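Enquirer: Each chain, letter by letter, is given below.
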Amino acid sequence: MPNVTPTRMELTRLKRRLRTAERGHKLLKDKRDEMVRRFVLLIRRNKELRDEVEARLEEAMSGFVLSRAVMSLPAFEEALLLPSRQTQLKASTQSIMSVSVPKFQLEVSEDSGALPYGFLTTSGDLDQAVALLTLLMPTLIELAEIEKTCTRLADEIEKIRRRVNALEYVMIPEMQADIRYITMKLDENERGNLTRLMKMKDIIAERV
Amino acid sequence: MPDIAIIGARDAVIGFKAVGVAVYPAETPAEARPLIHQLCQERSTGGVAVLFVTEELYQASAETINTYKDNPLPAIIPIPGSQGSVGIGMAIIRANMEKAIGADILFGERR
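Sequence order for the protein chains is V and Y.
In terms of the numbering used here, the first sequence has 197 at position 173, counting the first letter as 1, and numbering is strictly consecutive.
In terms of the numbering used here, the second sequence has 75 at position 72, counting the first letter as 1, and numbering is strictly consecutive.
Treat the hints with caution; some may be incorrect.
Covered, in the sense of this in silico footprint (three residues per stretch, anywhere, with C-beta under 8 Å from a C-beta of chain V), are these stretches of chain Y [to be verified]:
(1) 17-23
(2) 51-57
(3) 69-76
(4) 86-96
(5) 99-110
By construction, these hints were calculated from the structure, which means they are not laboratory data.
Since this is a predicted model, take the numbers as computed values, not measurements.
C-beta atoms are modelled at their ideal positions from N, C-alpha and C, and glycine is treated no differently.
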């Protein structure tokens, strides 16, 4: 039994709410579809980048560990103390379907391509590891941007999907049931009234 | 103010110094947690834009990291440590995909 008062006013109100809900449902569904489309593109790129980073970073990391093993700790730290290039990152946020996501732009200052240390006290593994890492930096930053974007989009898509489902399977059917209930009740009252009038007319006609 | 920072075991991450990344060595999750909090502040008060964390530490301090996941910045990204990848990064991609699409569309061929 729906808990609404079967009045004409309530019926008008419900009908208006149903129209709004249906419109909102359609809009949210379109938004969700577009977000999923973008997400699919991004997640593919995310996986490519991660595959690449995992393969190449491991190489660089083991290079550092190897060179660390053959050099003394002070010499090792001294070699890396002064970066050969300044890595600057321009970080801002952009909006994808009104989800704010980060946007990074790597700005590597002019560098001479030289290593930040002399060759005397360092091992060759270190040179290679530094070179590898330098090459890898833009990929790492892109991975950071895309992975964060994917996480944010995924959370948002989940939220929107829940809203769409709540509208589609709970709110809209409930309102339709209420509207049906009120219409039937009003019709029933109408019929009751009509029958009563006809009966009254018969009674009065008999008396005269 | 550094823009990019990395947290991880000293020997594995120290090389990032050479490419201009701020290095914060941490061997245990207990050491990493305060660093994460410190680096995830607002940009104006000493936070960074991108924070790389080695996978072992990322996994162990997931709770700390999750408190920052609703902010667009910083992007906290797990990277493989010197031991190689243990699959945390891929697990995140998969979780995101299942959350958003409800199905596995990238890793299907592997199973």
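Enquirer: What are the numbers of the hints the structure violates, in ascending order?
Expert: none
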